Amino acid sequence: MLRRPAIVILVAVSAVPTIAGLAAALWFGLDAGAFSRVLGTPGVGLSIASSIWSGSIATVISLMLAHLAVGLAVSGGWRTRLNALTLPLLAMPHLAVGIGLALLLAPSGVLMRLLSPWATGFELPPDWLTVQDPAALSLIAGLVLKETCFLIMALMAALAQVPSARLQLQAQTLGYGPLKSWLTAVAPLLQQQIRLPLAAVLVFGISNVELAIPLGPGLPPTFSVLLWRWFTDANPLIHSQAYAGTLLLLLATAATVVAAMTVSNLARYVLRSSVQGGRRHSDDRFAQGVIKATLILLWTVGVLAIVAIVLRSVSGAWRFPALLPAGDWLSRWNDVLPTAGNTAAITVALATATALVGLALVLPAAEQCRHDARTRATVGAWLFLPLLVPQMTFLFGVQVLLVRMNIDGTFVAVLWSHLLFALPYLWGLLAPARAAIDPRYRQVAATLGAPPSRAWLTVTLPLLARSGLLALALAFSVSIALYLPTLFAGAGRFATAATEAAAAAGSGNLRLASVHALLLAVLPLIAFAGAYASGSWLFRHRQGVPR
Amino acid sequence: MCLRRHAAHLIAGCFAAVLLAAGGAAAEQDNWPAVVAEARGQTVYFNAWGGDLTINRYLQWAADRLREDHGVELRHVKVTDIAEAVARVRAERAAGRDDNGSIDLLWINGENFAALQSAGLLHGPWVSEVPNASYVDWEGNPTTLIDGTIATDGFELPWGTAALTLFFDKSQVSLPPTNPATLLRWIGDHPGRFSYPQPPAFLGSAFLKQLLLLLVDDSGHLQQPAGDDFGKVTEPLWAWLNQAHPHMWRRGRLFPLSGPAQRDLLAVGELDWMLSYNPSEASRAIRNGDLHDGIGAMHFAGGALANSHFIAIPYNSSATAGARVVANFLLSPEAQARKADEQHWGDPSVLDIDKLDTDDQQAFSALQIGTATPPAAKRYLPEPHPSWTTALEQAWLERYVR
Amino acid sequence: MKPLQLDKVVLSVDGAALFEPLSFSVLPGTVTSLLGPSGSGKSSLLAYLCGILPPAITASGAIRIGDENLGRLPTEKRRLGLLFQDPLLFPHLDVAGNLLFGLSRGGSRAERRRRVDEALASVGLGGFADRDPATLSGGQQARVALLRVLLAEPRALLLDEPFSSLDDDNRERVRKLVFDEAHRRELPTLLVTHDEQDVVAAGGAVINLSGPNADKKE
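Line by line, the protein sequences give chains Z, U and A.
Note that the first sequence ends on residue 550 in our numbering; no numbers are left out.
Note that the second sequence ends on residue 642 in our numbering; no numbers are left out.
Note that the third sequence ends on residue 303 in our numbering; no numbers are left out.
To be clear, the hints were calculated from the coordinates, so they are not data collected in a lab.
Careful, some of the hints might be misleading.
[Said to hold, decoys possible] With beta-carbon atoms standing in for the labels, derived distance ranges: (1) H279/A with Q164/Z: 31 to 41 Å; (2) P88/A with R82/Z: 48 to 58 Å; (3) T422/U with A122/Z: 31 to 41 Å; (4) P8/Z with Q634/U: 51 to 61 Å.
Fair warning: this is a prediction, and the values are worked out from it, not measured in the lab.
Even for Gly, the Cβ is constructed at its ideal location relative to N, Cα and C.
I would like the entire structure built from these sequences, with the hints used as guidance.
In structure tokens form, the structure reads like this:
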């Protein structure tokens, strides 16, 4: 690995700040007095419990849904449609989903307005705790919506590593139905492949603020939201409480991940004994119907959430139960555009820089381990590190270091923090794509007289173009969605759609939040649509170019 | 009487400060052209609450004007709570960054000011150097010099004055309940329709302080730091809240997180009430289409909680000249009139109109007052000592976070 | 044209030689056939000649064109034309783009394009210049691949079972075309194959590779 500098640089860019941040967090966070104050905070036990509860339950539900969806889609021949269904939801930032769901599900939300007063009889919104409920059900719903899509994508990527069709067929010839064949023969192998993404989902579920701010319980909030409030408190005692709290968050997350690993081993054992029981039932039609309906429901909720965001962003006074906001929509847009314009410019600049720099880091490294699957996996695991630690824990350490180096609040600092989260996705997409290109193309180019640089530019790069465009869109979307990194590394000087939306949602101002949430939701969709369209256009007459 | 003794103390303090300000002013303002020259080309990071579109737009206007007139680049750093910025100044102090700090100007008052001032983290005194400070109504408005019982000493410049106002939907509230007892009765009669922002959101804490001031026998006592008798003094407040919460929005298990959140809930019909420190907030919101028509406003008959808000410069700002030029502009009759204009912000001015020349006076008298703006409160109740705020917030959390 | 010469060439994996040291020369305009079971190292020998040997295989011995030693030259400077089993036309370029990639330097844009069009016409593919390679039949792709190699003006031709993926009809036609061009251009040609018919058609020397490891690898 050391003989391949691009790989070393790539891993260092990601791992050095992550590990340094973690170390700094441990150094500055270990304070017995602060710990006892954290534990003495009213409702802190409930707060930690609701974080673990919501993150774990959401992960379990998402994992089951994702396995069923992928299994049924592959055996039912609607894999492409599943991709098309999940990608838009995957592209939508968590914050936008959270804000959209809050606007959709609240008693005065779009859903209730659709039904009132004709079906419900409500002239005033009912006083129900549908959003921010103490049991965190609305938060779990939001997490499931997002994480199911993420895990579906992870499973789809893992399919390439597993001879799924042959395994399933083998089980089917033994008399098992397609779904049972899938779940017993293929799913366990896939499960092994997606351990890291799954852990990331669990960590995010427990430690996120993006969904917990708009959807999580209020009194007390989830632990991460509590910490987030402490970080922004004037009192230095409370500040040190936040530092210590992030270590507690780390501990809670780690404990849950370990517990989850134990449970999953147990589940594998149970699954194996159920296989050894030999029971077969071959009719999957019911399961197919249920899972399709569930996916369509998720998708509809996602679309309705965007509709709710659009409506709220153009509405001012919007008394229940009117379905459409009163007044002049266009003039409300005029109100919003100048503010949103500035934010959009900074957001897009940051996201574009993240995507381009990320690509520049990943491409040479992918080149250097194109023949070496084991190094690719190792690099991938290293790059995954920032996703396996609660963001707040190491970002707070990173912030302390940045302030010491006097580079907090600079564009480079924010860009770097965004790279930490974009690189694992870029690598996940580009490293296999690079490895999949037939090496003989390069050899042909060389025997025809092309030196390595020309061969790379004229042969390798065009063959990678489609994946590259998609990777750019993906990194762009990841950057758009990032909130805590921008906040911690940006010294509050970078007003992106995410920071604005989170700040507004954090103070409960959903009207303002919806303006920025709209931007959040739309920019990634534009990026993906652009990547697909330009890829198709570039190679519109070239069937043989890899997708 | 405690109250009278306190008033005398307060007024004496004010006069001392006015004299101090007037004495040094003439000499210091001679340097002003040099300050203006130094400011040109500087970028001023103004950390100010960014939760309101209208205010953000006002600051954008100010930034445009400052760029054109003075070559100063004003950047509005939007914070959720100014405490974030206070924390940042402290963090920079802890990290030893004693110049080139990330903040040049703060929108601040009350406990946040007290925190920075007592730690010596503010630049100054500088207020008397600013030419437009001479228009401020120092004499008539004691809250411009005393910020939550602490003297400002020229370290922060008043920017606006506020009085806690309650707004309500007139179709649901026929007779405004102007004392705590009648409000409690209204809440009982209209379950789920009243709430207040969740402490420690500043409007929520303000509501607690307002109620406390009205419910205690001796409000003068609250000007002293909170002590061992906190539990006993605040007992009537908790009794009131314990009776109100079960009948409030979401049965008191969830609260709006801020003033704008509460306004949002009023706008979509979930609540019949909202709170604001700004008496013209509802009128302005109606004009902008953010609220429906038919909003009424009231102050409590026993007096409205009042305070001023200020701007201050952190000790480690690298653009103090630029920050002072910004401050001077924000206090100019033009900027203050626009700020008082409900079409642009609608925040009452801190200037003494009588000190202005005729044209500027004209600008103020031409302002239109909206239908949902209440007449000025009959009595202003000064803020309790900051220690009460902290103690109230802590006690509230301990009681109601379960 | 000059002969292609191999002098005591040995390939080894993990220190074990794949075959006995190999020395022979291929004269201009003749086709030498290299036979051997799979794993005998015959494809690797071609890779060694081109300088694209995978790092797992080590090699020794000299390779020369005339007097020039190729061992130290990078692949792109050796000017040896290599045809793989698959045509490997660049999928992102049209047919003309593929040929222009091969065509040696020099000439105006119009001139280069004219040479490409002529070359296509000479193998019965006139008018195919703008086609997407993915839409061509196997035989057509093989012909384009040959043209691409020839336009680069190689000093020798190395053929790695280039006819085995074609159906019977095409195989014969493409084989004839390749050998005719090799004769016409006086190229020393080395053919790796399994197919006895290839050997017969080549008509040149035959070298059988069966080294110490051949049995094990099978």
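Results of checking the hints against the structure:
1. H279/A with Q164/Z: 31 to 41 Å: holds, 33 Å
2. P88/A with R82/Z: 48 to 58 Å: Holds, since P88/A and R82/Z (Cβ atoms, about 56 Å apart) stay within the stated range.
3. T422/U with A122/Z: 31 to 41 Å: Cβ of T422/U to Cβ of A122/Z: about 37 Å, so the range 31 to 41 Å holds.
4. P8/Z with Q634/U: 51 to 61 Å: Cβ of P8/Z to Cβ of Q634/U: about 55 Å, so the range 51 to 61 Å holds.
Every hint from the earlier list agrees with this structure, and none is contradicted.
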